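Order-wise, the sequence lines are chains A and B.
The opening residue of the first sequence carries number 1 in our numbering; numbering runs sequentially from there.
The opening residue of the second sequence carries number 1 in our numbering; numbering runs sequentially from there.
For the record, the hints were derived by calculation from the structure and aren't laboratory data.
Note that this is a predicted model, so its numbers are computed, not measured.
Mixed in with the good hints there might be a few duds.
[Stated by the list, open to error] Label-pair distances were calculated between CB atoms; the ranges are:
hint: 1; chain 1: A; residue 1: R11; chain 2: B; residue 2: A109; range: 30 to 38 Å
hint: 2; chain 1: A; residue 1: R89; chain 2: B; residue 2: Q52; range: 22 to 30 Å
hint: 3; chain 1: A; residue 1: R116; chain 2: B; residue 2: I102; range: 28 to 36 Å
Beta carbons: idealized from backbone N, C-alpha and C, even for Gly.
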Amino acid sequence: MPQSDSEVIRRVLDGETAAYEVLVRRYQQTVFRLAQRMTRNAEDARDLAQEAFVQAYRSLAGFRGHASFSTWLYRIAMNLCLSHLKATRREDPVEVDAGVADARDDSLTALLADERDRALAAAIEQLPPQQRATLTLRVHQGLSHREIAEVLDCAEGTAKANYFHAIRTLQRRLEAFRDTG
Amino acid sequence: MPGCDGIRDRLMDFIEGELSAEEHRPVEAHLRRCPQCSREVVGLREALARVQALPEPAASAHLLDGFAAAVQGRLAAERPRRLPFWRKAAARLDGFVRARPIPTFSAAAVLGILLVIGLVRTSGRPQVSPAPEVLVVGDSLSMAQHLDVLEQFDLLEDLDLLEQLPFLRGPGNNRPLTLS
């Protein structure tokens with residue numbers, strides 16, 4: 001039976017540093033994906049994810065256990081990602097890799113779909129950081145609005161409003177894409 | 001009935017099925033009669049579906065190889081973060097109470113009641129001591145011993161015989177001490 005997060009944390013705080021690897025292995029994929037969606041760069045995402053785990057270890061004594069460890073870890077990771085975005089903000093829109101697509105044929109439909117995904121990914125990158133963070137946590141991490149509010153240290157209503165505005169912005173971007181073809 | 005502005009805040013919850021039945025009804029009723037909001041819901045639903053369907057960003061399959069070891073390597077240079085003993089005790093007590101709140105608080109309440117009862121009873125009860133009559137006799141004897149002497153002095157003084165008692169003379173002189 002795998003140990004719970006709180007049991008592992010207790011072992012680490014009792015001096016068993018090696019036990020922390022259990023938490024790293026448990027959440028490395030999730031934290032990396034979160035950072036990758038935020039930064040759109042795999043190498044940056046890996047470095048940020050590593051830094052998140054190191055910072056979480058340093059602050060482990062302050063983890064009260066009122067929130068889940070994963071929520072608390074996401075908060076550290078998201079803060080790092082938002083700082084990274086602020087530090088590397090670009091004026092010009094960049095060519096965004098929409099993602100790894102399944103094998104597609106060369107039909108026009110497929111090409112248009114690919115273009116639409118690229119436009120959508122670019123629109124997500126241009127969202128204000130808080131809206132982008134909310135969207136990522138909600139759609140790709142599956143967090144509730146309450147959990148998102150804990151991660152982003154905002155009110156639940158603010159998290160909901162950011163989410164709505166993010167989706168509405170993307171809706172309008174998709175309509176514009178459709179209209180311009 | 002809510003207007004468009006009152007509905008807008010709840011559209012995403014409506015789309016994601018997070019409204020209660022009571023909250024769902026007025027939103028649904030508004031959408032039935034408002035083509036603009038109805039179109040907006042269609043657009044929001046499509047945008048959400050497209051975002052959900054976006055493929056994972058490209059990443060090498062081996063990018064996370066050695067990730068955990070790299071983290072542990074960085075931590076090896078750091079000292080273990082130990083809690084001070086009082087924080088550990090507080091954390092364990094907190095965990096115990098959280099895991100068993102009802103028995104813990106019940107036990108605490110019973111202990112508190114017993115403590116109060118104990119304090120009330122001990123504060124009203126006299127200290128263990130000899131029987132009162134023994135105390136009275138003892139005190140009287142003590143007083144009597146001194147009273148006897150004092151009374152004797154008083155009597156002697158009245159009889160002007162005090163100065164004749166040699167032990168009352170000051171050392172090195174023959175003048176009697178006077179009692180003031």
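Do the hints match the structure? See the list:
no.	hint	in the structure
1	A:R11 <-> B:A109: 30 to 38 Å	33 Å, holds
2	A:R89 <-> B:Q52: 22 to 30 Å	27 Å, holds
3	A:R116 <-> B:I102: 28 to 36 Å	56 Å, violated
Checked against the numbered hints above, the structure breaks only hint 3 and satisfies the rest.
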